[in-house]
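Asker: Protein chains in written order, with the working numbering: chain H, 1 to 311; chain U, 1 to 266.
Each hint should be verified, as a subset may be incorrect.
Where chain H lies over chain U, by a calculated footprint (3+ residues, C-beta under 8 Å) [unchecked claim]:
1. 9-17
2. 104-110
3. 251-265
Ranges between beta-carbon positions, derived for each pair [stated by the list, open to error]:
4. Leu120(U) - Pro125(H): 33 to 41 Å
5. Leu120(U) - Thr108(H): 36 to 44 Å
6. Leu120(U) - Val193(H): 34 to 42 Å
7. Gly111(H) - Leu246(U): 34 to 42 Å
8. Arg54(H) - Gly183(U): 51 to 59 Å
9. Arg262(U) - Ala133(H): 46 to 54 Å
10. Ala23(U) - Thr108(H): 28 to 36 Å
11. Met35(U) - Pro125(H): 45 to 53 Å
Partner residues aside, some chain H positions facing chain U, computed with beta carbon under 7 Å [said to hold, decoys possible]:
12. Ser77
13. Gly87
14. Ser91
15. Leu92
16. Leu103
17. Val193
18. Leu194
19. Leu247
20. Pro248
21. Ala250
22. Gly278
23. Arg282
The hints are simulated quantities; they were obtained by calculation from the structure and are not laboratory data. Heads up, the beta-carbon is just placed ideally off N, CA and C, and yes, glycines get one too.
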Amino acid sequence: MNVIETHGLTKRYRRKLAVDNLDMTVAAGDIYGFVGKNGSGKSTTMKMVAGLARPTAGEIILFGDPERGGATPQGFSRIGALIESPGVLQSLTARDNLVAKALALGMTHAGQVADDLLVLVGLDPADHRCVKAYSLGMKQRLGLALALVGSPDLLLLDEPFNGLDPEATRAMRLALVRLNHEHGVTIMISSHVLDQLDRVATRFGVIADGRLTAEFTDEELHERCGSSVRLRLAEPERGLALLEQALPQAAFRAEPDGALVVTGAALEKVSAACFSAGIEVRELAQQERDIEEYFVELMGGVDGEKDGDVR
Amino acid sequence: MIALLRSDAYRVLHSRWIWAVAAIVAFLLLAPGLMMHWTSMGPIYYDDLTSSALTMSGIQILAAAMASIVCCDRTDIGFSRSILSSLGERARMVWFAEKCVFSLALAAVLIVFAFVVGLLGLLVSGVPVMTPEPAWQVAAWLGCTWLCAAPYVVLTVLVAHLTRSEGVTTVFAVLSAGGLLEGGLLIGVDFLYALLGGEFLTVTAAVGPWMPAEIASAVGAGAQTMLSAGNAANLAPAIRALIVCLPLTVATVAADALLVSRRDVA
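Make the full structure from the sequences, and use the hints.
Answerer: Below you can see the structure in the form of structure tokens.
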């Protein structure tokens, strides 16, 4: 089942088109990494999914229910969200913040719920300090705990790794994986910290200028970003046809500069195939593609160039 | 609604500002009584309870300022966002209405608190009240005081939800509940009227008695004045409060719940 489905989702703020005709799918059990530059429309999309902003056009189907958006009969949604800032009441303790939210959702054992969630995110339920005395990492963890009040089936996290030190980042990452694996929570995360996102996400969506430019799985990402062979041929079209015959297991991708990138075949094999097929090679090199570099390309990159295999 | 009210009550009772407000109100009401008790200076007697012994001046401003704090706690919008994302569409509408209802309830608590502490101050001062009003008049006076504060409280909530600015909301709360906005508006209209050839202050004379600030001022003058029709409008201020403040409050709550709730929260 798809937890989130958007069709032609559009959001316009006066003259600015923040999200443009976005079609996105997040399946149950996914940890969906949502990647894009600042101002690309990530937060706006998440706000619309969370019901905090109204779409200008298009449709959002949550939990396969276009009518009530998957809300419970009591009127509660099945979504927990941490969008932009942790959204905590600074003058209260962490426990009071959680109890206040649990009471708002009509929970009877609000104190117990608060204590359990604080333990889950690694905060001390007996800490009587006001939240304003907390570090940013602690506030982020409290924000996550707030999002988890009500045991949501879908968690929307906007930049959850922002401002976290390596230890806190690791703790946050492990908490998210545990929630996904042990509690079956579907998670949508937007983040600039791509190496962290790469470690947790099972699927990725890339947004640029409000449009979804690519959607792929973790496996597909690593296929595209692993070791590859870059070659430049005298006759690219003929050479490509011959290489496809000679290396049926390999994948080929044309670069905007006319070069050919071959994945799934070693440099020696590509070289031997070119030699035996009589293909004139002008350049041949092994390359390692960095995940971050790949995402930057998909997001529009420095020069705005995009791969040939993206949507 | 009940769950949201419980949540707001919890967070307000666990905040420091509410206790600071309670302490300041208690000090301001008890200090004169204590001074009179210790120095044996002050009035020989009070005429009655509501016009001379107890004061509710400034209660509207304080009630509106408290509504501003409830809706504009510096990070409240983030916390609200967290709650609103966990609510379905209909429940979100209730959330907006609940903020008005909670602020009105808080104003009622403030008025009762000020009254009780005021009575305590009266006892402490030892100054007698010559002709105290019957209980029903005092109760009606307290109810009317709350009704006069109600439009300012809910308008403050509305402004908070519209602007999401703590500064703008607080300034609005103080200026509107202090009657400055209404006064300025009337003078402005009068000025335009005079420019067009009319007599200056004609509008103020005609509309003034029906403005909430004027009604609140008349109610604040005591239970007898509140129930007396001997004024420019020839209608008791209590009736005028029912005619003006009640519909204004209901309309503002409806606008907040039905219209403002449709705006983007983030």
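Asker: Each of the hints needs a verdict: does it hold here or not?
Answerer: Here is how each hint holds up against the structure:
no. : hint                              : verdict
1   : 9-17                              : holds (count 6)
2   : 104-110                           : violated (count 0)
3   : 251-265                           : holds (count 3)
4   : Leu120(U) - Pro125(H): 33 to 41 Å : holds, 39 Å
5   : Leu120(U) - Thr108(H): 36 to 44 Å : holds, 37 Å
6   : Leu120(U) - Val193(H): 34 to 42 Å : violated, 58 Å
7   : Gly111(H) - Leu246(U): 34 to 42 Å : holds, 39 Å
8   : Arg54(H) - Gly183(U): 51 to 59 Å  : violated, 38 Å
9   : Arg262(U) - Ala133(H): 46 to 54 Å : violated, 37 Å
10  : Ala23(U) - Thr108(H): 28 to 36 Å  : holds, 33 Å
11  : Met35(U) - Pro125(H): 45 to 53 Å  : holds, 46 Å
12  : Ser77                             : holds, 5 Å
13  : Gly87                             : holds, 3 Å
14  : Ser91                             : holds, 5 Å
15  : Leu92                             : holds, 6 Å
16  : Leu103                            : holds, 4 Å
17  : Val193                            : violated, 21 Å
18  : Leu194                            : violated, 24 Å
19  : Leu247                            : violated, 50 Å
20  : Pro248                            : violated, 49 Å
21  : Ala250                            : violated, 46 Å
22  : Gly278                            : violated, 61 Å
23  : Arg282                            : violated, 53 Å
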